[in-house]
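Asks: Sequence:
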Amino acid sequence: MDSAVTLPTAPAKRLVIDTNVLVSALVFRDSRHLPLRAAWQAGRVTPLLSISTYRELKKVLCYSMFKLDDEQINAGIAHLGPFIEWVTIDRERIETLPKCSDRDDQKFLNVALCGNADALLSYDRALLKLRKRNLPFSIISPESLEFDQ
Numbered sequence: 037m038d039s040a041v042t043l044p045t046a047p048a049k050r051l052v053i054d055t056n057v058l059v060s061a062l063v064f065r066d067s068r069h070l071p072l073r074a075a076w077q078a079g080r081v082t083p084l085l086s087i088s089t090y091r092e093l094k095k096v097l098c099y100s101m102f103k104l105d106d107e108q109i110n111a112g113i114a115h116l117g118p119f120i121e122w123v124t125i126d127r128e129r130i131e132t133l134p135k136c137s138d139r140d141d142q143k144f145l146n147v148a149l150c151g152n153a154d155a156l157l158s159y160d161r162a163l164l165k166l167r168k169r170n171l172p173f174s175i176i177s178p179e180s181l182e183f184d185q
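Add 36 to the 1-based position in the sequence shown for the working numbering, that's all there is to it.
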């Protein structure tokens with residue numbers, strides 16, 4: 037009689053996902069980001085957030101141009117919440133990071149470093165300009181990420 041064998045699975049990719057990409061994936065269900073959303077829901081991706089990046093996400097979702105009510109905002113966040121790993125920022129450790137030309141985006145670099153991210157996903161030019169720096173994580177556009185099936 038054959039016994040069941042559990043095959044090892046690849047560890048989840050640890051990703052910092054910038055606010056614009058998260059909003060597109062959560063609320064607008066942008067088809068470019070559906071594989072990303074499916075990957076975190078399947079446990080193949082672990083989204084890394086800090087208090088600061090979460091606050092920015094909530095603030096952006098409340099922008100009047102999106103015309104989202106509280107129920108829609110909460111529903112969008114609910115699709116992410118169970119999969120988040122919260123990252124605490126180590127002030128000494130982040131001193132080693134290059135400074136982003138857009139100060140508002142520095143928080144994403146901080147989370148990537150302190151959360152031991154595999155990659156930071158962004159369309160932001162200021163962040164993407166730093167991808168050639170010697171960092172312990174990649175900085176890539178979401179389309180550059182390949183998902184194992």
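By construction, these hints were calculated from the structure, which means they are not laboratory data. If you're wondering where the values come from, they're calculated on a predicted model, not measured in any experiment. Keep in mind that a hint or two might mislead.
Unchecked claim - EDC-like cross-link-like pairs, simulated, lysine to aspartate or glutamate; straight-line CA separation at most 20 Å:
no., residue 1, residue 2
1, Lys165, Glu128
2, Lys94, Glu128
3, Lys94, Glu131
4, Lys135, Glu121
5, Lys94, Asp154
6, Lys168, Glu179
7, Lys94, Glu107
8, Lys168, Asp141
9, Lys168, Asp154
10, Lys94, Asp105
11, Lys94, Asp106
12, Lys49, Asp140
13, Lys103, Glu121
14, Lys103, Glu92
15, Lys165, Glu121
16, Lys168, Asp126
17, Lys95, Asp106
18, Lys49, Asp138
19, Lys49, Asp154
20, Lys95, Asp141
21, Lys135, Asp105
22, Lys95, Glu107
23, Lys168, Glu121
24, Lys103, Asp66
25, Lys95, Asp138
26, Lys168, Glu131
27, Lys165, Asp126
28, Lys95, Asp154
29, Lys49, Glu131
30, Lys165, Asp154
What the hints assert, rightly or not - Here are the computed distance ranges between Cβ atoms for each label pair:
no., residue 1, residue 2, range
31, Lys95, Arg161, 34 to 44 Å
32, Ala162, Glu121, 19 to 29 Å
33, Pro172, Gln108, 32 to 42 Å
34, Ala46, Met101, 20 to 30 Å
Even for Gly, the Cβ is constructed at its ideal location relative to N, Cα and C.
Asks: Verify the proposed pairing of lysine 135 with glutamate 121, using a straight-line Cα cut of 20 Å.
Replies: violated, 24 Å
Asks: Given the hinted pair lysine 103 and glutamate 121, is their alpha-carbon gap at most 20 Å?
Replies: It is violated: about 28 Å lies between the C-alpha atoms, which goes past 20 Å.
Asks: For lysine 94 and glutamate 107, compute the direct alpha-carbon distance and say whether it is at most 20 Å.
Replies: holds, 13 Å
Asks: Between lysine 168 and aspartate 154, does the CA-CA distance stay at or below 20 Å?
Replies: Holds, because 15 Å separates the two Cα atoms, which is no more than 20 Å.
Asks: Taking 20 Å as the top limit, are the C-alpha atoms of lysine 165 and glutamate 128 close enough?
Replies: Roughly 24 Å separates the two Cα atoms, so the pair is violated.
Asks: Check whether the Cα positions of lysine 94 and aspartate 106 lie no farther apart than 20 Å.
Replies: holds, 11 Å
Asks: Is it true that the CA of lysine 103 sits at most 20 Å from the CA of glutamate 92?
Replies: Holds. Lysine 103 to glutamate 92 sits at ~17 Å (cutoff 20 Å).
Asks: Verify the proposed pairing of lysine 49 with aspartate 138, using a straight-line Cα cut of 20 Å.
Replies: violated, 26 Å
Asks: When you check the alpha-carbon spacing of lysine 94 and aspartate 105, does it fall within 20 Å?
Replies: Cα-Cα ~12 Å, so holds.
Asks: Compare the distance between the alpha carbons of lysine 168 and glutamate 121 with 20 Å, and conclude whether the hinted pair is satisfied.
Replies: Outside the cut-off at roughly 26 Å; violated.
Asks: Is the straight-line distance between the alpha-carbon of lysine 95 and that of aspartate 141 20 Å or less?
Replies: Holds, at about 15 Å.
Asks: Regarding the pair lysine 94 and glutamate 131, is the alpha-carbon distance no greater than 20 Å?
Replies: violated, 27 Å
The structure does not agree with the numbered hints 1, 2, 3, 4, 5, 12, 13, 15, 16, 18, 21, 23, 27, 28, 29, 31, 34 stated previously, though it agrees with the rest.
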